[in-house]
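Listed here are the chains, written in short residue letters.
Number of protein chains: 2
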Amino acid sequence: MPRDATETKRRVLEAAYREFAAYGLAGARVDRIAANAEANKRAIYDYFGSKEELFDTVVVERLLTGMETVPETWDDLARFAGAVFDYYASDPDRARLTLWRQLERPEPTARELESFGAKLAEMRAARPTDEAIDTADLYALIWTLHHTAILYPGALRPTAESDQARLRAAVVAAVGRLSAPWRGEAD
Amino acid sequence: MPRDATETKRRVLEAAYREFAAYGLAGARVDRIAANAEANKRAIYDYFGSKEELFDTVVVERLLTGMETVPETWDDLARFAGAVFDYYASDPDRARLTLWRQLERPEPTARELESFGAKLAEMRAARPTDEAIDTADLYALIWTLHHTAILYPGALRPTAESDQARLRAAVVAAVGRLSAPWRGEAD
Chain H
7 MPRDATETKR RVLEAAYREF AAYGLAGARV DRIAANAEAN KRAIYDYFGS KEELFDTVVV
67 ERLLTGMETV PETWDDLARF AGAVFDYYAS DPDRARLTLW RQLERPEPTA RELESFGAKL
127 AEMRAARPTD EAIDTADLYA LIWTLHHTAI LYPGALRPTA ESDQARLRAA VVAAVGRLSA
187 PWRGEAD
Chain B
7 MPRDATETKR RVLEAAYREF AAYGLAGARV DRIAANAEAN KRAIYDYFGS KEELFDTVVV
67 ERLLTGMETV PETWDDLARF AGAVFDYYAS DPDRARLTLW RQLERPEPTA RELESFGAKL
127 AEMRAARPTD EAIDTADLYA LIWTLHHTAI LYPGALRPTA ESDQARLRAA VVAAVGRLSA
187 PWRGEAD
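Protein chains in written order, with the working numbering: chain H, 7 to 193; chain B, 7 to 193.
The list cannot tell twin chains apart, which means a pair is met if one copy fits it or any two copies do.
Mimicking SDA-like on lysine to any residue, the simulated pairs with C-alpha atoms at most 25 Å apart in a straight line are:
#, residue 1, residue 2
1, K57, A41
2, K57, A161
3, K57, S121
4, K15, R35
It is worth saying that the hints were derived from the structure and are not from the lab.
Turn these sequences into a full structure, and let the hints steer you where they fit.
Next up, the structure:
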């Protein structure tokens, strides 16, 4: 039974991730998650608690631990931005889930407070003070630029496939310029 | 009757704006819009068409024509970013509506295609070529940075009131650095 439970939880998390990315927290239906995961609705509540708690679990599992597979290169934040661009492009549901999250349930989880606290400490240790941009704000600005593709105004949006490569280069150049004063001082 | 109709439409648009900003397109209820606008539900459909068409009208009316009151200063995009920061800060529902829009109905309206086309033509005329960042992409990057406050990760979020001023300065500095290579060439 424990082996089955692990497998069921895995299927529920995957189905919940797709459901929340498509419809958001309010729009998501646990019935549909149960059907797509071939799981029992009752078991979902038993394993994960409320729909809100399931959402928090998906946010930590798919957004936070996912991002942790793309480590920050503090001495080259442009390279980091390029890696995140590729990571997001490989599964656009990640960016969708982030937007729903900011709209519907922006409070950070304990796991995120811990993780971002550690990131900030690393970043502060790795870089001299930037006089114009605070460390947390710089991280947030770069974080925001990770979402350029999903926020790109439809009326300006590039249409051809090749434009994705152009946009990637633009984001990398932008983050390079943004973090350049620091890199200059650090070299 | 025409005077009443104008006043009713105004109240419906205001109520619809608040409803869509709070709940998004799928979550919005025309019943609630009608109640908040003290209008007849049937009249809303007669004036604005479907819920989707009402959403499009609100997007154009509140996001596009709103933004047009904050004109781009092509020779000083950092100043423009500061003005947009203040404009968004004065009514955070604007940024919320933009996020819902990108998630639920990203297709541009005819009015936006026209407006953004004109912006791009102005921007291309005003600035020399930036070798690393295409004009449309630069506009989109700055557009994305207008949403730094709403995308700011909760786990990093500044808590004190005064931190809003710090974040504004950071966004202005970021856009200044982003557009600096062009300004350098243009001077």
